[in-house]
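Chain E is fixed; fit chain V onto it per the hints.
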Amino acid sequence: EVRLVESGGDLVHPGGSLRISCETSGFTFSNYAMMWVRQAPGKGLEWVSYINSAGDITYYSESVKGRFTIARDNAKMSLFLEMKSLRVGDTGVYFCARDYEPATVWGTADYWGLGTLLTVS
Amino acid sequence: QSAPSQPASVSGSPGQSITISCTGTISDVGGFNYVSWYQQRPGKAPKLLIYDVSSRPLGVSDRFSGSKSDNTASLTISGLQTDDEADYYCSSYTLRKTQVFGVGTRVTVL
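Quick note, the sequences are listed as chains E and V, same order. Under my numbering, the residue at position 20 of the first sequence is numbered 20, and the numbers go up by one with no gaps. Under my numbering, the residue at position 74 of the second sequence is numbered 74, and the numbers go up by one with no gaps.
In short, the hints are calculated from the structure, not lab data. The C-beta atom is built at its ideal place from N, Cα and C for all residues, glycine as well. Don't take every hint at face value.
Residues from chain V that keep clear of chain E, each with C-beta distances beyond 10 angstroms, as calculated [what the hints assert, rightly or not]:
#	residue
1	11
2	12
3	18
4	30
5	78
List of simulated lysine to aspartate or glutamate pairs, DMTMM-like, C-alpha gap at most 25 angstroms [claimed, not checked]:
#	chain 1	residue 1	chain 2	residue 2
6	E	65	E	10
7	V	44	E	99
8	V	44	E	23
9	V	47	V	62
Looking at chain E on its own, in the form it has when it is part of the complex (with noise of 0.2 angstroms):
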């Protein structure tokens, strides 16, 4: 069974810092590109990030550009979000995500975790 467990959310004043963490297993980690994907409460879905399955392509949106970090390590299975200058509009649920394979390009997620909060206030 696919599992995918975010960790790390936590309540930071604007221009902290956190990193937050997805553990992942049921599935061969090192095959996949990985994304995450923020949800402000009570709003929509917002891509924030994706990452290639070597960890050698990152993607941003343009509104965390320059303060926020994907990394990964397939030896033990995690993704990893670190954000930095945190500001009140960053304060949401973080979803980590498993691309879909059978997409044409990446961007489609097809397991998705249950999330982490952060509060940035």
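The following block gives chain V in isolation, referenced to the frame of chain E:
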């Protein structure tokens, strides 16, 4: 990058068909056949329904279908069921090599 627009809400009676639109620009929805659709129930993670405009992953009901014309993609739910009550989001690949989600649509089954 502005989010593709979707109607805030769509409703229908059980058994009916409804269609949710997702209107973007030539830089996203209109420029690529890489639109996905997700269903999200309250407090749950999103579920993939459609990818590449009209393809369905294994296990997704054929009551869900997708299409696209110019800058607008559409998700049709046929044979509406009470279980279909949820929020629905489109997502598109973009010219800037990013993904963008639509603003979301709340589906209500009357």
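Checked hints:
{"no.": "1", "hint": "11", "result": "holds, 19 angstroms"}
{"no.": "2", "hint": "12", "result": "holds, 21 angstroms"}
{"no.": "3", "hint": "18", "result": "holds, 19 angstroms"}
{"no.": "4", "hint": "30", "result": "holds, 15 angstroms"}
{"no.": "5", "hint": "78", "result": "holds, 22 angstroms"}
{"no.": "6", "hint": "65(E) <-> 10(E)", "result": "holds, 21 angstroms"}
{"no.": "7", "hint": "44(V) <-> 99(E)", "result": "holds, 18 angstroms"}
{"no.": "8", "hint": "44(V) <-> 23(E)", "result": "holds, 18 angstroms"}
{"no.": "9", "hint": "47(V) <-> 62(V)", "result": "holds, 15 angstroms"}
Of the numbered hints given earlier, the model fails none.
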